[in-house]
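Visitor: Assemble chain S onto chain C, guided by the hints.
Just so you know, the sequences run in chain order C and S. If you use the numbering used here, the first sequence closes out at 420, no skipped numbers anywhere. If you use the numbering used here, the second sequence closes out at 155, no skipped numbers anywhere.
Hints listed in this document are in silico derivations from the structure and should not be mistaken for laboratory results. Be careful, since some hints might not be right.
Derived coverage of chain C by chain S (criterion: at least 3 residues anywhere in the stretch with Cβ under 8 Å from a Cβ of chain S; other residues may be distant) [what the hints assert, rightly or not]:
{"#": "1", "region": "9-16"}
{"#": "2", "region": "32-38"}
{"#": "3", "region": "42-50"}
{"#": "4", "region": "343-349"}
Partial list, derived from the structure: chain S residues whose beta carbon lies under 7 Å from chain C [said to hold, decoys possible]:
{"#": "5", "residue": "Lys57"}
{"#": "6", "residue": "Ser90"}
{"#": "7", "residue": "Ile93"}
{"#": "8", "residue": "Ser94"}
{"#": "9", "residue": "Leu97"}
{"#": "10", "residue": "Gly98"}
{"#": "11", "residue": "Asn101"}
{"#": "12", "residue": "Met125"}
{"#": "13", "residue": "Leu126"}
{"#": "14", "residue": "Leu128"}
Quantities reported herein were computed from a predicted structural model and do not represent experimental measurements. Just so it is clear, CB atoms sit at the ideal spot from N, CA and C, and this is done for glycine as well.
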Amino acid sequence: MEPSTQKLIHTFGALADLGQEVANTGDFAAMVRTSMHLLLGTLALRRGAVVECGHSDSLQCVAIWGLDDAVAKELSIDETERAAFLIEDNCALSVKDIEGSNSFIKRHRDRLTEEGIELVIPMIVRNETTGFVLLGGKASGEGFSPEDFDTIHAMVRHIGVGIHTHRLMEQLAQRAEENLRLYQDLRAIYRDTVKAFAAAIDIKDKYTQGHSERVGRYSEIIARELGWSEEEVEGIQIAGYLHDVGKLIVERDIINAPYQIDAKQSSELNRHPAAGYEILRPINHPYADIPLMAKYHHERLDGRGYPDGLTDEQIPLGAKIVSLADSFDAMTTDRPYRRRRSFPDVVRDLRQNSGKQFDGKVVTAFARAMLKEVTGEAKERRIMKMLGKGYINPDEAPLLLKDLIDDLDSEMKVKVESAG
Amino acid sequence: MWSPLYLKITSKSYNVLQRSFYFQGREDCLVEIISGAVRSHCVGTTAVIYASDYLNKLTGEKIERECRRQLDSGCRALVIDFSDTKLVNSIGISILLGIINVAEKNGARIVFSDVNIQTIQLFEMLGLTRHVVLAKNEQEALSNLSGFDAKTVAH
Chain C
1 MEPSTQKLIH TFGALADLGQ EVANTGDFAA MVRTSMHLLL GTLALRRGAV VECGHSDSLQ
61 CVAIWGLDDA VAKELSIDET ERAAFLIEDN CALSVKDIEG SNSFIKRHRD RLTEEGIELV
121 IPMIVRNETT GFVLLGGKAS GEGFSPEDFD TIHAMVRHIG VGIHTHRLME QLAQRAEENL
181 RLYQDLRAIY RDTVKAFAAA IDIKDKYTQG HSERVGRYSE IIARELGWSE EEVEGIQIAG
241 YLHDVGKLIV ERDIINAPYQ IDAKQSSELN RHPAAGYEIL RPINHPYADI PLMAKYHHER
301 LDGRGYPDGL TDEQIPLGAK IVSLADSFDA MTTDRPYRRR RSFPDVVRDL RQNSGKQFDG
361 KVVTAFARAM LKEVTGEAKE RRIMKMLGKG YINPDEAPLL LKDLIDDLDS EMKVKVESAG
Chain S
1 MWSPLYLKIT SKSYNVLQRS FYFQGREDCL VEIISGAVRS HCVGTTAVIY ASDYLNKLTG
61 EKIERECRRQ LDSGCRALVI DFSDTKLVNS IGISILLGII NVAEKNGARI VFSDVNIQTI
121 QLFEMLGLTR HVVLAKNEQE ALSNLSGFDA KTVAH
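Extracted from the complex, chain C is given alone in its bound form:
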């Protein structure tokens, strides 16, 4: 084979490999090192380095071969020299060219010569000096031919684009990370605002202070037990915080009545879910269905709820969860006209009203979460903390809850079998 043909094949092979390497989005340092090897190996150059320009005068040696590692640290470039490189536009500058006016080469000529560097090739991408490549002489001892310079220019341009693209990707990833952080901050602000709003709702009712926050927490615990995603769990917590927002339009006297309210007052109070929906609907919440969960949190499976008298399948699962959390908190806290009910009494109520007022699956999930806390299986005792010390008897509670879960499970099995 003719040497010229062989050289051409060797160069083409290297260019093809370089194209592939530059497109590699994996290890940046490895990509530059391999690209440099391809350039050195194409012309059999004994030494070389790829140097990247930083934001200021700093230079970073990304790959080095056959040179003293310290050389890169001794180099620097200022703004004027960077600008001068732009004029050269990827053209190789000879270190030996004493007539040359490039001040970077002038300043570093002695050191570069000492290291056997013969060429400095700026890497210019999109009118920006990305860095430069330092190249030593050929192993053959011959000078560089015009074809060699063409090869060098083409390969250095490739390497420059590779470095530039990598940096762009890095910036993009950084921006995406910043955006994510901002989004998370915004969500946190939203949650805190909603919490503050929930506290404002509860202040209207001196007997139910903390009610909305507790309903939010109970809802979150139930949803998590049902296997909802983190996003959905956050959403239902917000729905719990806001479920009583409609009470803002109900007169304070009715909400705070220290007696059982009459039918007219009751009808006034019952307007709050629909009113809550109207308040929440225009808001662009980051979570789905929050207005609907507020609207339907007084609906019942048997159709005897309000405002729309929906039945089982028509009620969104989120609203069923908030409904149980709301009722559970109502039963386990003191009201102006009654004391809170005992835990066995509450469990009995949940059992009796499953399938009528509450969804059995939701009650089971809540009972499972409580059981985990009572038996110590759960790391945190969040429900027990909200209920207060001494409310749950740890000796009798596990049995009560297990019975409730077993009863509801067998009831659901029968329901499924009869439906099948």
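Guide: Same frame as chain C, but now just chain S:
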């Protein structure tokens, strides 16, 4: 007359083993090393390293590591055997030049053995043959290096 002793050991245990041979005056023993995918052995203070069928980035870097390790262990000459090598790409050339640089810095001599004709043409075209001696085979390379004194060699 030494009797060849072939052992397959890790590179980590090689130095310990080599020292123990020195202590016993057995430095002429032939110890075959399997380090990663690179096969090598020592004949006295000469290391013979076998290049794989395709000398590219992956295999080239392994050979380079092995050469450096051998020089650090006190070898004064390197034989890189290309009997299995069918192709050498640009990265392989660059790595071989790096090995030549390191050998020169260490005052060690380097011989390429059993190189196929296409690769010889490539080495000649690129000027590698100005820095290394080519030998027909490993035996010729070893006899070429016999009696070599690192101090007398300068490139």
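Visitor: Regarding the hint that S/Met125 lies at the interface with chain C, is the smallest CB-CB distance below 7 Å?
Guide: OK, holds: S/Met125 within 7 Å of chain C, min 5 Å.
Visitor: Using the nearest Cβ pair, does S/Asn101 come within less than 7 Å of chain C?
Guide: 5 Å, holds
Visitor: Min Cβ distance, S/Leu126 to chain C: is it shorter than 7 Å?
Guide: 4 Å, holds
Visitor: Hint check: is the beta carbon of S/Leu128 less than 7 Å from a beta carbon of chain C?
Guide: Constraint on S/Leu128 satisfied, holds at 6 Å.
Visitor: Can the region 343-349 of chain C be counted as covered by chain S under the rule of three residues or more with Cβ-Cβ separation shorter than 8 Å?
Guide: violated (count 0)
Visitor: Are at least 3 residues of the region 9-16 of chain C within less than 8 Å of chain S when you compare beta carbons?
Guide: Coverage by chain S holds for the region 9-16 of chain C (3 residues, Cβ < 8 Å).
Visitor: Double-check S/Gly98 for me: the hint is only fine if its C-beta lies closer than 7 Å to a C-beta in chain C.
Guide: Constraint on S/Gly98 satisfied, holds at 6 Å.
Visitor: Given S/Ser90 as an interface hint, is the shortest Cβ-Cβ distance to chain C below 7 Å?
Guide: With a closest approach of 3 Å, the S/Ser90 hint holds.
Visitor: With a cut-off of 8 Å between beta carbons, are at least three residues of the region 32-38 of chain C near chain S?
Guide: holds (count 4)
Visitor: Close enough to count: is the Cβ of S/Leu97 nearer than 7 Å to one in chain C?
Guide: Since chain C brings a Cβ to about 5 Å from S/Leu97, closer than 7 Å, the hint holds.
Visitor: Mind checking the CB of S/Ser94 against every CB in chain C and telling me if the closest is under 7 Å?
Guide: Nearest chain C Cβ about 4 Å off; hint holds.
Visitor: Holds or violated: is there a CB of chain C closer than 7 Å to the CB of S/Ile93?
Guide: Holds - the Cβ of S/Ile93 comes within 7 Å of chain C, reaching about 4 Å at its closest.
Hint 4 from the earlier list is the only one contradicted by this structure; the remaining hints agree with it.
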